[in-house]
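2 protein chains.
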Amino acid sequence: MSVLYRRVAFIGIGLIGSSMSRAMRRDGTCETIVACARRAETLDTVRKLELADVVTADYVEAVKDADLVVIATPVGTNGDIAKIIGPHLKPGATVTDVGSVKQAVVNAVQPHIPEGVHFIPGHPLAGTEHSGPESGFPELFEGRWTILTPLPGANAAAVEKLSTLWRTMGAKLATMDPVHHDQVLAITSHLPHLIAYTIVGTASDLADDLRQEVIQYSASGFRDFTRIAASDPVMWRDIFMNNRDAVLEVLQRFTEDLTQMQRLVRKGDGQALQDVFTRGRAIRRGIVDAKQADPEEAKRHG
Amino acid sequence: MSVLYRRVAFIGIGLIGSSMSRAMRRDGTCETIVACARRAETLDTVRKLELADVVTADYVEAVKDADLVVIATPVGTNGDIAKIIGPHLKPGATVTDVGSVKQAVVNAVQPHIPEGVHFIPGHPLAGTEHSGPESGFPELFEGRWTILTPLPGANAAAVEKLSTLWRTMGAKLATMDPVHHDQVLAITSHLPHLIAYTIVGTASDLADDLRQEVIQYSASGFRDFTRIAASDPVMWRDIFMNNRDAVLEVLQRFTEDLTQMQRLVRKGDGQALQDVFTRGRAIRRGIVDAKQADPEEAKRHG
Numbered sequence: 002m003s004v005l006y007r008r009v010a011f012i013g014i015g016l017i018g019s020s021m022s023r024a025m026r027r028d029g030t031c032e033t034i035v036a037c038a039r040r041a042e043t044l045d046t047v048r049k050l051e052l053a054d055v056v057t058a059d060y061v062e063a064v065k066d067a068d069l070v071v072i073a074t075p076v077g078t079n080g081d082i083a084k085i086i087g088p089h090l091k092p093g094a095t096v097t098d099v100g101s102v103k104q105a106v107v108n109a110v111q112p113h114i115p116e117g118v119h120f121i122p123g124h125p126l127a128g129t130e131h132s133g134p135e136s137g138f139p140e141l142f143e144g145r146w147t148i149l150t151p152l153p154g155a156n157a158a159a160v161e162k163l164s165t166l167w168r169t170m171g172a173k174l175a176t177m178d179p180v181h182h183d184q185v186l187a188i189t190s191h192l193p194h195l196i197a198y199t200i201v202g203t204a205s206d207l208a209d210d211l212r213q214e215v216i217q218y219s220a221s222g223f224r225d226f227t228r229i230a231a232s233d234p235v236m237w238r239d240i241f242m243n244n245r246d247a248v249l250e251v252l253q254r255f256t257e258d259l260t261q262m263q264r265l266v267r268k269g270d271g272q273a274l275q276d277v278f279t280r281g282r283a284i285r286r287g288i289v290d291a292k293q294a295d296p297e298e299a300k301r302h303g
Numbered sequence: 002m003s004v005l006y007r008r009v010a011f012i013g014i015g016l017i018g019s020s021m022s023r024a025m026r027r028d029g030t031c032e033t034i035v036a037c038a039r040r041a042e043t044l045d046t047v048r049k050l051e052l053a054d055v056v057t058a059d060y061v062e063a064v065k066d067a068d069l070v071v072i073a074t075p076v077g078t079n080g081d082i083a084k085i086i087g088p089h090l091k092p093g094a095t096v097t098d099v100g101s102v103k104q105a106v107v108n109a110v111q112p113h114i115p116e117g118v119h120f121i122p123g124h125p126l127a128g129t130e131h132s133g134p135e136s137g138f139p140e141l142f143e144g145r146w147t148i149l150t151p152l153p154g155a156n157a158a159a160v161e162k163l164s165t166l167w168r169t170m171g172a173k174l175a176t177m178d179p180v181h182h183d184q185v186l187a188i189t190s191h192l193p194h195l196i197a198y199t200i201v202g203t204a205s206d207l208a209d210d211l212r213q214e215v216i217q218y219s220a221s222g223f224r225d226f227t228r229i230a231a232s233d234p235v236m237w238r239d240i241f242m243n244n245r246d247a248v249l250e251v252l253q254r255f256t257e258d259l260t261q262m263q264r265l266v267r268k269g270d271g272q273a274l275q276d277v278f279t280r281g282r283a284i285r286r287g288i289v290d291a292k293q294a295d296p297e298e299a300k301r302h303g
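Chains as they are written, first to last, in my numbering: chain A, 2 to 303; chain B, 2 to 303.
It is possible that part of the hints are untrue.
Since the list gives no way to pick one copy over another, a pair counts as held whenever it fits inside one copy or between any two copies.
[Claimed, not checked] Calculated pairs, EDC-like style, for lysine to aspartate or glutamate (alpha carbon to alpha carbon, straight line, at most 16 Å):
#1 K84 with E135
#2 K49 with E214
#3 K268 with E51
#4 K49 with D290
#5 K49 with D66
#6 K91 with D68
#7 K84 with D45
#8 K268 with D209
#9 K84 with E161
#10 K65 with E214
#11 K162 with D28
#12 K268 with D246
#13 K162 with D68
#14 K268 with D206
#15 K91 with E161
#16 K268 with E250
#17 K173 with E116
#18 K173 with D270
#19 K268 with E135
#20 K173 with E42
Hints in this document: simulated from the structure, not taken from any laboratory.
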């Protein structure tokens with residue numbers, strides 16, 4: 002693979018940033034990797050794992066001469082970061098991000114991007130419940146979608162180069178309008194996480210003895226929810242703060258549907274419950290057919 | 002391993018029953034396996050896969066001379082089955098079941114069990130989203146809990162023998178009061194499944210184009226819910242019909258908590274959201290520590 006960006010700066014290098022840096026090293030798609038983080042502990046880990054050629058806590062130093070700047074911090078910080086780095090970006094450079102919310106990031110970042118620099122928002126639909134630079138691995142993006150939400154009038158060559166970078170890391174590429182992205186992710190990701198966090202919270206409010214048993218006998222559905230609810234709290238706080246309208250909209254639909262399910266259980270309407278459950282199975286088949294789930298991933302639960 | 006039960010009859014031989022029959026064959030814990038099912042298609046599969054020595058659609062013929070009868074059908078059928086087989090059970094035989102609800106099964110089955118036959122309700126906390134005899138595998142129960150809910154005055158030797166059978170299949174054994182079992186399972190299993198079915202239903206009600214995208218980009222939390230929601234619809238219908246009070250009780254707590262989360266998102270209370278999310282992480286750690294989840298099972302999501 003040939004070099005796509007000579008110098009790449011990661012602002013924030015947790016699970017996603019460090020997976021990208023590992024993959025880009027492996028692929029030879031860059032020459033020099035700069036890692037920038039606020040916390041000394043993170044910087045130490047990056048040095049110890051040799052994830053970057055240059056390690057710094059200084060945003061301005063990090064982006065100087067960078068051909069690609071990847072903002073990979075919780076989305077609530079992106080505006081402040083853009084404001085700091087904006088005046089120091091190299092003409093012709095590309096700035097991208099990896100946040101799970103796109104319109105709020107566009108609103109916060111774009112005003113600080115100077116003429117001649119290409120801001121191309123992005124979102125790899127990949128992750129694990131672990132966080133921090135030690136959790137990354139270069140195969141994270143393989144076979145997963147990365148959604149780019151380029152703004153109207155975006156430089157086509159810059160978008161194509163960033164797309165090539167993602168494809169080289171194994172990702173499937175899609176482009177989307179930022180608002181539409183936020184609606185799709187509200188239901189595929191944000192609502193499921195909110196629900197998982199809620200049910201785990203409900204369980205943790207149980208009386209001590211019952212809570213212990215819930216933990217002990219969790220291998221029955223609940224365990225999957227706790228895995229989802231183990232994701233980074235600050236990252237998720239920022240997602241909900243920045244995709245509020247779309248989340249509240251799908252949450253409203255969901256609670257209506259849950260109220261209906263509650264009514265069916267209370268009434269003992271077995272046929273209607275069975276109909277809903279049968280539809281669920283069909284949707285799952287659609288996902289397996291769309292190759293978003295491996296039919297062999299059949300985890301043992303019960 | 003020595004023979005524990007010479008003749009074993011499975012009434013219903015889907016995922017759980019066929020996994021048990023495979024494991025008992027492997028372990029040599031029985032001599033003869035009888036499989037009984039209503040549907041010709043199921044019986045054909047059992048014959049083709051050679052999961053049993055005797056295959057029959059006749060409940061009475063199935064249980065005749067059986068030393069162990071395993072009722073492994075959706076829990077709503079257990080009472081009718083017990084009524085049919087009751088008069089034909091061999092004195093000294095053990096009858097058990099594998100249902101996810103225990104008190105309703107006790108109420109439905111126990112009245113039909115003759116004096117001298119040991120009814121010991123059971124529930125292996127194991128499964129996958131697949132169903133039918135072709136989905137079983139002998140390792141299904143390894144490292145998983147099986148909960149027995151023996152009635153007051155149960156024959157200790159019969160309980161011990163059934164426990165030995167489960168331990169031989171790799172299960173960890175616990176005993177519990179049936180009502181308490183139903184409360185624990187309502188939160189660890191039944192509520193998560195109800196929620197998963199609901200959110201998948203919410204998604205399937207979306208406009209066509211959005212629904213297609215939800216399927217396409219599901220690798221973000223939603224996919225985990227669809228896997229849960231792919232479980233057998235009839236089995237789950239019967240669970241909700243037979244554990245109504247406990248499910249409605251935890252559902253009430255959950256909806257209160259969800260309303261509170263909705264309020265936090267609407268108000269934009271980031272600190273409170275972060276606190277809830279941080280607690281979720283702690284609960285997950287408790288589960289990983291309790292070895293109910295493999296920390297390396299880190300599935301890729303995002």
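How do K162 and D28 come out at 16 Å by Cα distance, when the copy is not named: within, between, both, or neither?
within (15 Å within a copy, 58 Å between copies)
Are the CA atoms of K162 and D68 at most 16 Å apart within a copy, between copies, both, or neither?
within (11 Å within a copy, 70 Å between copies)
K65 and E214: within-copy, between-copy, both or neither at 16 Å Cα:
neither (54 Å within a copy, 38 Å between copies)
Should K91 paired with D68 be assigned to within, between, both, or neither, using CA atoms and 16 Å as the limit?
Answer is within: at 7 Å inside a copy they meet the 16 Å cutoff, but 80 Å across does not.
Please sort K268 with D209 into within, between, both or neither, judging by C-alpha distance up to 16 Å.
neither (32 Å within a copy, 31 Å between copies)
Reference check for the pair K173 and D270, CA-CA at most 16 Å: within, between, both, or neither?
For K173 and D270, neither the intra-copy (43 Å) nor the inter-copy (35 Å) Cα distance is at most 16 Å.
At most 16 Å between CA atoms: does that hold for K268 and E135 within a copy, between copies, both, or neither?
So K268 and E135 fail the 16 Å test inside a copy (51 Å) and across (34 Å) alike.
Tell me, please, which holds for K268 and E51 at an alpha-carbon limit of 16 Å: within, between, both or neither?
neither (61 Å within a copy, 42 Å between copies)
Up to 16 Å between alpha-carbons, please classify K84 paired with E161: within, between, both or neither.
Classified as neither: same-chain Cα gap 26 Å, cross-chain 70 Å, threshold 16 Å.
Are the CA atoms of K173 and E42 at most 16 Å apart within a copy, between copies, both, or neither?
So K173 and E42 fail the 16 Å test inside a copy (33 Å) and across (41 Å) alike.
As a check of your reading, is K268 near E250 (CA-CA no more than 16 Å) within one copy, between copies, both or neither?
Answer is between: at 15 Å across copies they meet the 16 Å cutoff, but 28 Å inside does not.
How would you classify K268 and D206 at a CA-CA limit of 16 Å: within, between, both, or neither?
neither (28 Å within a copy, 23 Å between copies)
In the structure shown, a violation is registered for the earlier hints numbered 1, 2, 3, 4, 5, 7, 8, 9, 10, 14, 15, 17, 18, 19 and 20, in ascending order.
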